[in-house]
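Position chain B against the provided structure of chain A, taking the given hints into account.
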Amino acid sequence: MKKRLTKLISMAVAAVLTLGVMTGCGDNSGESAPGTTQAGDNAQKDNSADEGKTVKIGVLVADVSGEEALGFRSYYENYIADNYNVEFSYTDALESAEDEKAAIEKFAAQGYEAIISLSSSDRAMQIETCEEQGVYYAIASGVLDESQYDTYKGYEHFVGQVGPSNQTEFEAGQEMGAYFKEQGVKTVALYGAFIPNPMHVYRTAGVIAGLGDTYGGASDMDAIAGQIFEDQSVDLTKVDGDIEISAYLQGYGDTTTDELNAAIQKEPEVFLSVGMATTFFTQSLNEAGIAFSDIDSFTEMNSTAIKDGKLTYLAGKYSSSIGPVFALVMDAVNGNVIRDSEGNAVSFSQGYLVATDGESFDKYYVSDNGDSPIYNKDILDGMIGDDITYDTVKSLIESN
Amino acid sequence: MSTSKRIIGTLAIPVIASVILEALCLSHGQNIISNAKSFDNFVIYAAIVMITTIALSINLNSGRFDFSLGSMAALSAVIGAKISYTILDGGAGSAALMLVITVAVGAILGLLSGILYVLLRIPPIITSLGVTLIYEGILYTLTSGKYVMTEVQNASMSGFVGTWVYATLIIIAVLIFSILLFDHTKFGFDYNALKNGQKVAVNTGIKEVGNAVICYMICGGLMGIVGFLNAARNTNINGGQLNFGSIAIMFTAFLPMFIGSYIGKFSNEKLGFLLAAIVMSLLNATFAVFSNEVTASMQSIINAVLLVVFLIYLNNENLLVRILSPRKK
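Protein chains in written order, with the numbering used here: chain A, 1 to 400; chain B, 401 to 729.
Simulated from the structure, these hints should not be mistaken for lab results. Everything hinted at is true.
Rough simulated footprint, nothing fancy, chain B against chain A, three-plus residues with beta-carbon under 8 Å:
1. 255–262
2. 271–283
3. 286–299
Part of the chain A face toward chain B, derived, beta carbon under 10 Å:
4. V64
5. S65
6. L236
7. S246
In silico lysine-lysine, DSBU-like type, Cα no more than 30 Å apart, as pairs:
8. A/K363 with A/K310
9. A/K181 with B/K437
10. A/K186 with A/K310
11. B/K437 with A/K310
12. B/K437 with A/K266
13. B/K437 with A/K307
14. A/K377 with A/K153
15. A/K310 with B/K482
16. B/K665 with B/K586
17. A/K307 with A/K363
18. A/K394 with A/K363
19. A/K377 with A/K363
20. A/K186 with B/K437
21. A/K307 with B/K482
22. A/K101 with A/K153
23. B/K665 with B/K595
24. B/K405 with B/K665
25. A/K181 with A/K363
Model, not experiment: these values are computed from the prediction. Glycine included, each C-beta is placed from N, C-alpha and C at the ideal position.
This is chain B alone, in the form it adopts within the complex:
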């Protein structure tokens, strides 16, 4: 593939989406990003979507459907919030400490989920449903079903989401980490080999079990970051997410995952996820402009329709190319 085709393929969706959405907002007399605060929100939302998408894709690309992502995010955030509040009482450095603890706890929760999966050897979708219920139950027990607020409402946390800088640093760090890990290490080579041909990969001596467990652990760590960002952004954590109440978070990542994978065909998949997250954040910012006309439920419907339309496009891409290409005489 030529470099120009790669560049065009990589940037086409973000650029076209930006132009359409900005035009829509201008027709309403506003810009997508209207002030500094909306830019902060834009970057933070992009970070949440990108990291969730990467976490979802790690296991899903290998055929492991993981419903427990949301419960890992919420539970690790609650534990991180409670420990950091106990240590610093909401004082300076609370956000940084909570982030570190939340990521560590998330990784442990992911590790436990992975160990359970490889030990039970039952379909991952079943295991992840069980793990979701367990983590939600623990979350509920820790919080008595209440919103966790005192622990995450302090100057340190508000300072963290009061600027786009920290979210940008997190995006860069996660992007570098995931590109290095999955594209430039033995673990990554093994992961890609298993993803593309499990039996062949195992026959060549790649240790499937260890690779899967590490994948779960990485997912947990990433969802820890998402849990932290959500807690900072929402200024609370919902402790009453019982009966699969936490799984909605993974559905927000489906559309960007498909868009990102498509963009990844022209460049790097993880970069594709970032660009897809930016598109989703632009869409979210556009919804903010039209918030009085487009209700939250209508936004969900629009997102679902976009997902279906994109999947239809992906499934019929070759057909479209054939139709749109000039016919040879």
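Same shape as in the complex, but just chain A:
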């Protein structure tokens, strides 16, 4: 009897264990790919917007918690999904190129027609995998480096890329550094976010240049970025100039709080971040009374941080800036794959908007909010259709 009870309990525990592991893999209800979560109320969406079959789009994400990521997701799931006959499925946080490849293969196996990527561990592999699987692919809120773009721009399923170019990322960091140099700061702490992620490398290179410092004796974009890629970090012994970088940290994990506290202890005049500081560090920096800056997006949390906290500079994207990528993907799925004048996948660069106080923040935040995003249905409808051309899309992106 006792043995039987033990066996029963063991079986029950094994079942619970299996369940526990499965729940850990995300919400796999319905038809969503394993390890993904589906947009909330797609089944009850406003179908009056577009007739016909529901377009299924997989979204690759590395960040599931950041302010910018949440803003993007809300725009797709709460605005786009309500206005178009589309279903978004998000991956869990992808941590490696292997994760990205596996996610694309799962989406393809589930019949998804397109992938929008916000994850950048290995975009070349993402494009190759989508090409193999016959699934349309587009990059949102970022771009490939030039050599990669040249390699892949002719791929049949590579729809295109819309986001800040590496040059734009560098300039965003440079403007931030220059702003604080102009303010007369002498010591700063620097958060390199997720270096070697290219956009964070270029932003960090820009900050160093903007502060008027050199890195390994170099002051131009390619030379600084090249060294940071090589170092996979910022080596403070290589930084030289009038403004001292008193502490540097990157990534986010078990040791980050200790690293942040160490940086705060060095009492920098300002804490410069090239991404996600408002997500991770707002409370700690507010409490320490250290002014900080970030490259992020115009969201409610950042609104509070700039109005009531110590956030003094924000270079941001607005949440609906990923609207044009969606439009391009819809065109491709509907049979109108838009190509540039040379017949290649399209590439559009988007810039950053800068806020240094509550008033300038609201100028962008209020105009891109909830039900009234900058890329609203009227504008997106001008980019979606059988007769839409490259020039039409280009002019609409440039005018917003």
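Below, chain B alone, put in the same frame as chain A:
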């Protein structure tokens, strides 16, 4: 053992460590504790290490290896954060309410873990691995793998870690509680008897099962406090700790557990854990001073080397005493 030997044995490691680490920091032009904020961090870190060490030692001293400590801390903190946020919306008293709920939830999670252990009667290391996966899975489901931030970012929480006072009160409370419970109650006497000779203790009529379950429950409650302190200190809780991502927390307690047990030979074991936690916090503060030179990965390596060196010392203590003692003619 004479009183003077007890005092020297108890304070030797903390004092020697303080002197060496302060000298290192002075060579860098700074003190270990450079300002009020670094003192706050020092005390809070000491509290986290001490409580984790006590929780780890309770079961490990009885031969029960428990991998689930980290998952209990994270899961209880998430539940505590969500409930307290639902009730108070991050307003006044949020930190206190979250602390109470987190400790209660932690104790329940520990209790469930203990019940599973005594029912299954399989090696505790296996049970704890299973429990870790289950709790991590629930944590992931509750948070969708995201960091929990809104619920723990408020004035009440920042006020809690904005001063060393609350962490000190927690240290004192936990220390008194654990000393009273394990050294001055029947439960404690039974626990010590089981720890030192399980078969003999059971034959004398001590109820092993009940004692083990209560131990797990206490561990859970203590890890609830750790979960709360970590949430307040980090200003978030990582909800995406799958595949044993939560077990790292227990490894931070190994070195202080060995140091504390060594100090305990001269005084009280729990007091030893406090002093060991202070040593670890001093080391952590020293790393902060050298943060630009010693990276996080190098710090992990240094901690591991220190653990190995200390274990070598413990295993060869008698040999060293023989070598260093004046030889009798």
